[in-house]
Amino acid sequence: MAGKALLDIKGVETYYGNIRALNGVDVSVDEGEIVALIGANGAGKSTLMMTIFGTPRARSGSIVFNGTDITQMPTHEIARLRIAQSPEGRRIFPRMTVMENLQMGASLDNLKYYDEDVEKVFHLFPRLKERIGQRGGTLSGGEQQMLSIGRALMARPKLLLLDEPSLGLAPLIVKQIFDAIRELNRTQGLTVFLVEQNAFGALKLATRGYVMVNGNVTMSGSGAELLANPEIRAAYLEGGRH
Amino acid sequence: MSLQTSTQPTSPVQQALREALIAGVVSFGLFFFFIGLKTDQNIRNELVLVTRWGLLTTVVVLTMIVRFLYVAYAVPFLARQKIADAVTGLLPDSTGTKFFRVPFFIGSLALAAVLIVFGSAIVAWTGPNIGAYVTLIRAFAIIYAVAAVMFYGRAFIGRNFASIGIVSLILYPILVVVILALLAWSNGSANITSAAFQGSLKWVDNFGIQILIYVMLAWGLNIVVGLAGLLDLGYVAFYAVGAYSYALLGTHFGLSFWILLPMAGILAAFWGVMLGFPVLRLRGDYLAIVTLAFGEIIRLVLINWREVTNGSAGISGVPKVSFFGWFTFNVSDPNYISKVFDIPQSGAYYKIFLYYLILALALLTAFVTIRLRRMPVGRAWEALREDEIACRSLGINTTSTKLTAFAIGAMFGGFAGSFFAARQGFVSPESFVFLESAIILAIVVLGGMGSLVGIAIAALVMVGGTEALREMEFLKSFFGQDFTPELYRMLLFGMAMVVVMLWKPRGFASSREPTAFLRERKAVSGSFTKEGHG
Chain A
1 MAGKALLDIK GVETYYGNIR ALNGVDVSVD EGEIVALIGA NGAGKSTLMM
51 TIFGTPRARS GSIVFNGTDI TQMPTHEIAR LRIAQSPEGR RIFPRMTVME
101 NLQMGASLDN LKYYDEDVEK VFHLFPRLKE RIGQRGGTLS GGEQQMLSIG
151 RALMARPKLL LLDEPSLGLA PLIVKQIFDA IRELNRTQGL TVFLVEQNAF
201 GALKLATRGY VMVNGNVTMS GSGAELLANP EIRAAYLEGG RH
Chain B
1 MSLQTSTQPT SPVQQALREA LIAGVVSFGL FFFFIGLKTD QNIRNELVLV
51 TRWGLLTTVV VLTMIVRFLY VAYAVPFLAR QKIADAVTGL LPDSTGTKFF
101 RVPFFIGSLA LAAVLIVFGS AIVAWTGPNI GAYVTLIRAF AIIYAVAAVM
151 FYGRAFIGRN FASIGIVSLI LYPILVVVIL ALLAWSNGSA NITSAAFQGS
201 LKWVDNFGIQ ILIYVMLAWG LNIVVGLAGL LDLGYVAFYA VGAYSYALLG
251 THFGLSFWIL LPMAGILAAF WGVMLGFPVL RLRGDYLAIV TLAFGEIIRL
301 VLINWREVTN GSAGISGVPK VSFFGWFTFN VSDPNYISKV FDIPQSGAYY
351 KIFLYYLILA LALLTAFVTI RLRRMPVGRA WEALREDEIA CRSLGINTTS
401 TKLTAFAIGA MFGGFAGSFF AARQGFVSPE SFVFLESAII LAIVVLGGMG
451 SLVGIAIAAL VMVGGTEALR EMEFLKSFFG QDFTPELYRM LLFGMAMVVV
501 MLWKPRGFAS SREPTAFLRE RKAVSGSFTK EGHG
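In order, the protein sequence lines correspond to chains A and B. Residue numbering for the first sequence follows UniProt numbering, beginning at 1 and increasing consecutively. Residue numbering for the second sequence follows UniProt numbering, beginning at 1 and increasing consecutively.
Keep in mind that a hint or two might mislead.
[Said to hold, decoys possible] With the C-beta cut set under 7 Å, the calculated list includes, among others, these residues of chain B facing chain A:
no.: 1; residue: V66
no.: 2; residue: A390
no.: 3; residue: L394
[To be verified] Now the in silico label distances, taken between C-beta atoms and shown as ranges:
no.: 4; chain 1: A; residue 1: D26; chain 2: B; residue 2: M263; range: 53 to 59 Å
no.: 5; chain 1: A; residue 1: N18; chain 2: B; residue 2: S400; range: 47 to 53 Å
no.: 6; chain 1: A; residue 1: N18; chain 2: B; residue 2: L364; range: 50 to 56 Å
no.: 7; chain 1: B; residue 1: R374; chain 2: A; residue 2: G42; range: 39 to 45 Å
no.: 8; chain 1: A; residue 1: A170; chain 2: B; residue 2: S400; range: 49 to 55 Å
[Stated by the list, open to error] Some chain A residues near chain B, calculated using beta-carbon distances under 8 Å:
no.: 9; residue: T75
no.: 10; residue: H76
no.: 11; residue: T97
no.: 12; residue: S107
no.: 13; residue: N110
It should be emphasised that the hints constitute simulated quantities derived from the structure, not laboratory data. Quick caveat, the model's predicted, so the values are computed rather than measured. Built from N, CA and C at the ideal position, the CB exists for glycine as well.
Produce the complete structure using the sequences and hints provided.
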């Protein structure tokens, strides 16, 4: 555990109406780490992701980012603290071009660093440069995921939240994307908090990992530890590994 | 193909006959009550049933003929011509060159010229009934000639569409007056100038100004609906706010149009924000219902708040616009235009002036829309239309983004409203019914949401088409003397909508223009950095 906690989630409970989705979750992400959150469908992983961004809001508990309590902050102000997100289902702007999508990512600084940052994104994902004038909706799934991450990076984030970046993608593309995340972390020291169903890939990539079951964090440890854990192997890796 | 060998192959004509029969039966069933029967009041105020079998027969037979021609000839023809001209989007070259030939073009020009010069003589000789056909043939000849010119110059027009459009809009009143002067001269009229100006009233006012008002309203609504994706069914409310602002402040305080125009815009924008606040969380159909209600509330307030708005009777005597105080268009004023320039009196000067005014206002709307789309706020609108959650997680304040869209859209509605009040000289709640909102929205949707050119074309077709119905006197010889074509404008509107939605489901101009290009990235992004957004 190097550095101080950049994101500190304590006892967060989130409800959809009367249904409790998160049941007092404690997660912390330190600066410079890649932290993976794994779990089955409906465990509450994406809910935690969205709760960090304030939609839905945590009913109790606290979320502190970089010393600021963001539990009750409006979503766009949370984003302005330099937390960027590649949301579940990518959510790129389908009728806007790749370039316009990237510009939207850079709106926090009014495109001040646009030229510089867009080159970095193209260096990371050369495929996007070929597609620059194409509309987002016409990209392939992998390219859309790259665009979604690229758009998040344009905001110069301190913390990057990735919700299932491997969803519905071919293994080769998943590898490319995971490699890109690793490179970002290594070369720029970017802190990444990753939600994944692809437990094997995610834990191999991550410094630390959390396991979530039914709205509770049941286990945590370093990526290697969790990978070696027989319970996790049984629940998420064997049989589930494609 | 092999599946069909067992059945007897039918020729298109056979099939067309069968389909025509079916169409006849269907249209008979549809129109029996609508057209065949009509309730009326007789002299003793009793309700009587009037039968209109002749009209019903005409409609049914026409339907059958059209269906027959469509299935027998048009469908095979279209199937042969399936490959459209991909570059221009116009007719395929082969069809076009068959249809537009130089001899035909010269012939149509000659025919138009002959009918223009001798038109009145022919009408005087044949009587008004056949004379109506003369006008129709003349119109067709002119349309053919213009279409031929457009066909031959299609590459050039495609390249410079916007500038050609603006130039022809600027020249339009001048052309109308010159052509009418030529007509008056050919008719041997005594006072050519006054006849030309008087005749231009219809073309400049009913067509030009009317269409441009709708173009401007649709462009204004386009900001809300087309760019920000907020379905607004109550846009006419802002039009009403603008009109009443000018009418009330102008009549009570005698303020000039040039002061009240921006004020009307600001007031309308204020109401836009007022509407925006409660509906911030709504989207799509829910938003549509609330905005619809808002439009009705404004109209009902205008009807019922008699002390201020004079209720349904409306406000009359709304002051005219002056030419920046230099000269006016009131005959009694000392600086009336014909006194200043020493020219004969005519109401047409005011209409021509108003034409240029609304043209300027519409172009301002377009200019602002184009500029805003390339600025952070415009991009935020479009992103909001695409995905609100993604927008928020990128740090965009969706509240203020929505409110600016409502406010700026409403502002242009307010400008158009105050212009409307100045043009009519009279405002009443009747001008601001839901149907107006529906028409404006229909124009935006038909034009292709977000596309300025598409919307302008849609307004031209929809509003111009319904106005043109008034000119179709020859239809009376088909449907009988008591047939009033303009009553069918909503039918035309509906039919046009169905046809456009079948052929171009995303509107006339369905492709969205990107706002950023790689080759001019430096220039574009340089201009972005100056604009704040929050």
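Outcome of the hint check:
1. At a threshold of 7 Å, the smallest CB-CB gap from V66(B) to chain A is about 37 Å, leaving the interface hint violated.
2. Of the supplied interface hints, the one on A390(B) holds, with its beta-carbon coming within about 4 Å of a beta-carbon of chain A, less than 7 Å.
3. The beta carbon of L394(B) is positioned within 7 Å of a beta carbon in chain A (closest approach about 6 Å), and the interface hint is therefore held.
4. For the pair D26(A) and M263(B), the supplied restraint of 53 to 59 Å holds, since their beta-carbon distance comes to about 58 Å.
5. As the Cβ distance of N18(A) to S400(B) is approximately 33 Å, the hint placing it in 47 to 53 Å is violated.
6. At roughly 53 Å, the beta carbons of N18(A) and L364(B) sit within the given window of 50 to 56 Å.
7. Hint check: R374(B) to G42(A), Cβ distance near 43 Å, so the stated range 39 to 45 Å holds.
8. One distance hint, 49 to 55 Å for the beta-carbon pair A170(A) and S400(B), is violated here, with the actual separation near 41 Å.
9. With 8 Å as the threshold, the beta carbon of T75(A) comes within range of chain B, its nearest partner Cβ sitting at about 4 Å, so the hint holds.
10. The beta carbon of H76(A) comes within 5 Å of a beta carbon in chain B, closer than 8 Å, and the hint placing it at the interface holds.
11. Residue-level restraint check for T97(A) holds (minimum Cβ-Cβ distance to chain B is 5 Å; threshold 8 Å).
12. About 6 Å separates the beta-carbon of S107(A) from the nearest beta-carbon of chain B, less than 8 Å, and the hint is met.
13. Annotation: interface hint on N110(A) holds; nearest CB of chain B at approximately 6 Å, less than 8 Å.
The structure does not agree with the numbered hints 1, 5, 8 stated previously, though it agrees with the rest.
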